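Protein chains in written order, with the numbering used here: chain A, 36 to 495; chain B, 36 to 495.
Just so you know, these hints were derived from the structure itself, not from any lab.
Since the structure is predicted, the reported quantities are computational estimates derived from the model, not experimental observations.
Careful: at least some of the hints might be erroneous.
Repeated chains share a single entry, so a pair holds when one copy, or any two copies, can fit it.
No farther apart than 27 Å at their CA atoms in a straight line, the calculated lysine-lysine pairs in the DSS-like style are these [said to hold, decoys possible]:
hint : residue 1 : residue 2
1    : 249       : 466
2    : 300       : 46
3    : 445       : 394
4    : 300       : 394
5    : 394       : 466
6    : 328       : 352
7    : 85        : 328
8    : 466       : 95
9    : 46        : 394
10   : 392       : 466
11   : 85        : 95
12   : 249       : 445
13   : 394       : 328
14   : 392       : 445
In case you want the letters, here they are:
Protein chains: 2
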Amino acid sequence: MNQHDLINPHKELRSVLGTRFSTDSAIRDAHARDASYHSGALPDAVAFPKTNSEVSEIVKICANYSMPIIPYGTGTGVEGAVVAAEGTLCISLNEMNRILSVNADDRDVTVQAGVTRLQLNTHLAELGTELHFPVDPGADASLGGMTATRASGTSAVCYGTMQDNVLGLTVITADGTLVRTGGRARKSAAGYDLTRLFIGSEGTLGIITEITLKLARLPEAIASAVCAFPTVDAAVNTVIELIRSGVSLVRIELLDELQMDAVNKYSGLNYEVAPTLFFEFHGSANTVAESSKIGGTIASAHGSGDFRYATDETERKRLWRARYDSYYAALNRRPGSVGYVTDVCVPISRLAECITKTKTLLQNSNLSASVLGHVGDGNFHVVFPLEPGNNDELAEAQQISDQIVDIALKIDGTCTGEHGIGIGKRAALEKEHGDAVDLMRAIKHALDPQNLMNPGKVFL
Amino acid sequence: MNQHDLINPHKELRSVLGTRFSTDSAIRDAHARDASYHSGALPDAVAFPKTNSEVSEIVKICANYSMPIIPYGTGTGVEGAVVAAEGTLCISLNEMNRILSVNADDRDVTVQAGVTRLQLNTHLAELGTELHFPVDPGADASLGGMTATRASGTSAVCYGTMQDNVLGLTVITADGTLVRTGGRARKSAAGYDLTRLFIGSEGTLGIITEITLKLARLPEAIASAVCAFPTVDAAVNTVIELIRSGVSLVRIELLDELQMDAVNKYSGLNYEVAPTLFFEFHGSANTVAESSKIGGTIASAHGSGDFRYATDETERKRLWRARYDSYYAALNRRPGSVGYVTDVCVPISRLAECITKTKTLLQNSNLSASVLGHVGDGNFHVVFPLEPGNNDELAEAQQISDQIVDIALKIDGTCTGEHGIGIGKRAALEKEHGDAVDLMRAIKHALDPQNLMNPGKVFL
Chain A
36 MNQHDLINPH KELRSVLGTR FSTDSAIRDA HARDASYHSG ALPDAVAFPK TNSEVSEIVK
96 ICANYSMPII PYGTGTGVEG AVVAAEGTLC ISLNEMNRIL SVNADDRDVT VQAGVTRLQL
156 NTHLAELGTE LHFPVDPGAD ASLGGMTATR ASGTSAVCYG TMQDNVLGLT VITADGTLVR
216 TGGRARKSAA GYDLTRLFIG SEGTLGIITE ITLKLARLPE AIASAVCAFP TVDAAVNTVI
276 ELIRSGVSLV RIELLDELQM DAVNKYSGLN YEVAPTLFFE FHGSANTVAE SSKIGGTIAS
336 AHGSGDFRYA TDETERKRLW RARYDSYYAA LNRRPGSVGY VTDVCVPISR LAECITKTKT
396 LLQNSNLSAS VLGHVGDGNF HVVFPLEPGN NDELAEAQQI SDQIVDIALK IDGTCTGEHG
456 IGIGKRAALE KEHGDAVDLM RAIKHALDPQ NLMNPGKVFL
Chain B
36 MNQHDLINPH KELRSVLGTR FSTDSAIRDA HARDASYHSG ALPDAVAFPK TNSEVSEIVK
96 ICANYSMPII PYGTGTGVEG AVVAAEGTLC ISLNEMNRIL SVNADDRDVT VQAGVTRLQL
156 NTHLAELGTE LHFPVDPGAD ASLGGMTATR ASGTSAVCYG TMQDNVLGLT VITADGTLVR
216 TGGRARKSAA GYDLTRLFIG SEGTLGIITE ITLKLARLPE AIASAVCAFP TVDAAVNTVI
276 ELIRSGVSLV RIELLDELQM DAVNKYSGLN YEVAPTLFFE FHGSANTVAE SSKIGGTIAS
336 AHGSGDFRYA TDETERKRLW RARYDSYYAA LNRRPGSVGY VTDVCVPISR LAECITKTKT
396 LLQNSNLSAS VLGHVGDGNF HVVFPLEPGN NDELAEAQQI SDQIVDIALK IDGTCTGEHG
456 IGIGKRAALE KEHGDAVDLM RAIKHALDPQ NLMNPGKVFL
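Please construct the entire structure, taking both the sequences and the accompanying hints into account.
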């Protein structure tokens, strides 16, 4: 598209948005990529709508000029789902950041897509609702982005993923139509589940502008614990048995010995350098005490070291801060590095096998990478700290990531538990779902016949 | 379609299925309708495949002859989703009744679509897994049918609906292709959520032949209780407060005074004839005792009568049998009647208002109908025992049902919490979702361009 062709859409977009339409190169650069190694070109412009009707107008203008659209939340994704290209318009949802309604009796809330999860939880605390939004991917991501990527994170073993916590959506479709899916009822059997079709569609079917979310009750009591194990197997078997025992586990994270070493160094801690589980139990004071005791007994039967408890809030926060900082700790193993991170998810009975095979691959490679994961879901990540611009390292990391996907798929797993497809896992999606990807393509074509909504993401 | 045109598809279908292809009029009649008042014509034939490849062959033959297909489970639906028409082939999934794999460590199971929920739970008990499939719509429905209609029922307040409990599907699409969606991983961010698109699609997008389900741990202890209230408001407020208190409620059912009178008469019980809650608490022995105590205290604060407990299994089963038999008890209010049942679901804070307005409508009508529901989800049913063949009564029931939907939609509810759309709620779906129904149509057209998969159901 040459400069002449661009004059009209830009002019029309500026007439809708005024100064909230930008072609400034620094702003375009800030919206060109996500938090990962994936690179792209700059978008031609960035739009900052505040309302549904503005998004609708923008989409209609883009449809008229066949200008592709890339929606942008906080840019904290890692598979390149928001990576830009020349000739595209980035729609930042950043200024759609209003909390529209809170219904405490119904335990639901409706927010604009740019509201972040911490913003929401702060607001709920300020209102004194005793409710929170529990899905926690680590980053303070926007709820629109979390919805679009079907995010999950550390608490999914208890609360589920975005798929389980979204009741309804407002979406602007490819022709600029405003559509409301789902609603505020806790359940509905009214037609196709469009809500869950848009969840995880990574902006390829329409732009999510508002989300109605379920809220959860704040726990009465919380206890955390950290416990080292002789092997990954022992740690995973502890988790399988813990889940079977029915204790109220809210978070259960595994960090391998490399990751523990990184965490100790980055966060100034002194944990044993061994495969380690981080636990969090919620419930009444009694339940939490009972759960922690059961946890300690089961871990000990699997040869664990001491069960280090933390019920005090400061100590708990310090402990989980270390977990949240894991990604940066992993990169800090090699100062100045750029992160390549992959994730797979397998049935938990096969998790130890999958991690062991992954670690063998890593030992036989030229790269060093740490492993950490949401073990209760069978989901783990591998973080490679790569030298920026080193294409050999990048190619090797990609090759190992492909091999990890192959291992996971062979044992009934999925190529991504929570990071999504973006541009990084398109080939893996084909491997995993085969003919089902043709159904996805047919749906995409039906809902976006011009292929303007985040084109090239999820599949080609 | 005249007899001549039918010779070839019938011949081809018989060559695939042998005696499992039937044109017997009694068999066709047994597959012409569901459990409700909705009537249809007989299908031309009924097929009883046993395998995925047989279903695929059947679908390919039907596609070739443009013969519409209606999948059939146990026929226990109530909105006419399996109602037949002339010129159609009914595919009964009844002989696809094998449990394909049970993975106790991963708490998942894969079944053929014709397996019923009691068959599955009996099998899990026989294996000694200490696991069960918790979604419980009352009827011993097939798991394929429950998936296709996004069924829920009494335990959804704790375990969610089919939407929350299906991990993956095998589907034969409209051109006979076998597609696998989702998988055995507890979560996945791999592409569009086709699994949830098929859940609740009522056979209009493809035929679900296999389902991978999450299983839940059997509770250590169970306690039930029954408690009468002066008003529906008092009962609903008790539930709102109970949920807020965080007790482990598994079932919480509301029956109005007409329904309690019907239950007393039908099941030989002597409960007070007043709005009544049936509770079920699960957990450890301690938790259950604690929960029941909290339940009693909250109910009493809302002016309830005695909290009648039942921890003994026989007593519990008798009590819940009465709840399960509610539909028959409601019809027994008028011996020889046929049931017209409707359901809506609203945010729980608006439930009392919705039921009160509904009861006013009923009092001003010529019909008598009882109200019962899954109050924890904000979902309730109205059961009209109608005189068979009385079109005036049917028209009045339909008109009242439309008005109940209008009330529900005005207060952010949905036209059906769990019964689905079928043919009975198509107009209601349009009212509720407007432009979103056009997206559903676009998806239907993309996946079933010949409109052969259960045509005319969900929308026209």
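Each hint tested on the structure:
Proximity of residue 249 and residue 466 under a CA criterion of 27 Å is satisfied inter-copy only: 24 Å between copies versus 34 Å inside one chain copy. With identical chains, the CA atoms of residue 300 and residue 46 are never at most 27 Å apart, being 52 Å at best within one copy and 74 Å at best between copies. Taking the closest pair of Cα atoms, residue 445 and residue 394 come within 27 Å of each other only inside a single copy of the chain (17 Å); across copies the shortest separation is 56 Å, beyond that limit. Proximity of residue 300 to residue 394 under the C-alpha cut-off of 27 Å is restricted to the intra-copy arrangement: shortest distance 21 Å within a copy versus 67 Å between copies.
In this assembly of identical chains, residue 394 and residue 466 lie within 27 Å of each other by CA distance solely inside one copy; the values are 22 Å within and 55 Å between copies. In this homomeric assembly, residue 328 and residue 352 come within 27 Å of each other (Cα to Cα) only inside a single copy, at 21 Å, whereas the closest approach across copies is 34 Å. With identical chains, the CA atoms of residue 85 and residue 328 are never at most 27 Å apart, being 50 Å at best within one copy and 49 Å at best between copies. Proximity of residue 466 and residue 95 under a CA criterion of 27 Å is satisfied inter-copy only: 25 Å between copies versus 35 Å inside one chain copy.
For the homomeric pair residue 46 and residue 394, neither the shortest alpha-carbon distance inside one copy (54 Å) nor that between copies (57 Å) is at most 27 Å. Proximity of residue 392 and residue 466 under a CA criterion of 27 Å is satisfied intra-copy only: 19 Å inside one chain copy versus 54 Å between copies. For the identical chains of this complex, residue 85 and residue 95 are intra-copy neighbours only, at 16 Å inside a copy versus 49 Å across copies, given an alpha-carbon limit of 27 Å. Taking the shortest alpha-carbon separations for residue 249 and residue 445, only the inter-copy value of 20 Å comes in at or below 27 Å, while the best intra-copy value is 35 Å.
Taking identical chains as interchangeable, the C-alpha atoms of residue 394 and residue 328 are never at most 27 Å apart, the minima being 31 Å within one chain and 51 Å between chains. When the C-alpha separation of residue 392 and residue 445 is checked against a cutoff of 27 Å, the pair qualifies only within one copy, where the shortest distance is 12 Å, while the shortest distance between copies is 56 Å.
Checked against the numbered hints given earlier, the structure breaks hints 2, 7, 9 and 13 and satisfies all the rest.
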